[in-house]
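Counting in this note's numbering, the sequence shown runs from 8 upward without gaps.
Don't read these hints as lab results, they were simulated from the structure. Fair warning: there could be bad hints in the mix.
Stated by the list, open to error - Derived lysine-lysine pairs resembling BS3-like cross-links, with alpha carbons at most 30 Å apart:
(1) Lys129 / Lys55
(2) Lys55 / Lys65
(3) Lys97 / Lys55
(4) Lys132 / Lys55
(5) Lys97 / Lys129
(6) Lys65 / Lys93
Claimed, not checked - Distance windows between CB atoms, simulated:
(7) Lys114 / Ile56: 14 to 24 Å
(8) Lys97 / His21: 40 to 50 Å
(9) Thr24 / Lys132: 31 to 41 Å
(10) Asp40 / Glu81: 14 to 24 Å
(11) Gly36 / Glu9: 33 to 43 Å
The C-beta atom is built at its ideal place from N, Cα and C for all residues, glycine as well.
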Amino acid sequence: MERITEIFVVLENHPSTLGELCSHLAENGINIDAIGVFQDTAKLYVEKINKAVKLLDKLNYETELRDVLRIDLENRPGALSEVATKLGNKGINIEYCYATLSKKGSKTSVILDVSDIDRAIKILK
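I would like the entire structure built from these sequences, with the hints used as guidance.
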């Protein structure tokens, strides 16, 4: 479990927008470790964050860096429920979450935007 920085990117809502974004990153050797895409935004956790931000800014994407929480969970029914319930019972709100993909039986990384990262880390340890 750790505090990480994600890149929040504003996107236009039309076909090929996501493909273009991902292609720009790939062409510059930037791997996407986790991604959440919504109607007109993307949240990215990438290996080379500084390089990615410079590239996206150069390409006129509107970006913002945000601190979020990354936790590793077993890929099994109820794992996320346990975390969300534990945080909720202590008054920590989850604004949004997204996850990486993994095979059953392995760990899945879940990215959480929570109201208090430091308290959330203490609660989940």
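Hint consistency between Lys132 and Lys55 [alpha-carbon to alpha-carbon, up to 30 Å]: 27 Å, holds
Indicate whether the distance between the beta carbons of Asp40 and Glu81 respects the range 14 to 24 Å. Roughly 19 Å apart at Cβ, these two residues keep to the hinted range, so it holds.
For the pair Lys114 and Ile56, does the Cβ-Cβ distance stay inside 14 to 24 Å? About 22 Å separates the Cβ atoms of Lys114 and Ile56, which means 14 to 24 Å holds.
Given pair status - Lys93, Lys65, alpha carbons within 30 Å: Given that 30 Å is the threshold and the Cα spacing comes to 41 Å, the pair is violated.
Assuming the hint says 40 to 50 Å, is it satisfied by the Cβ distance from Lys97 to His21 or not? 41 Å, holds
Regarding the pair Lys97 and Lys129, is the alpha-carbon distance no greater than 30 Å? 11 Å, holds
Are the Cα positions of Lys55 and Lys65 separated by 30 Å at most? 15 Å, holds
Is 33 to 43 Å a correct range for the gap between the Cβ atoms of Gly36 and Glu9? 23 Å, violated
Under the criterion that the straight-line Cα-Cα distance not exceed 30 Å, is the pair Lys129, Lys55 satisfied? 28 Å, holds
Hinted pair Lys97 and Lys55, Cα distance within 30 Å: It is violated: about 34 Å lies between the C-alpha atoms, which goes past 30 Å.
Is it true that the C-beta distance of Thr24 to Lys132 lies inside 31 to 41 Å, as the hint says? 39 Å, holds
In summary, the numbered hints that this structure violates are 3, 6 and 11.
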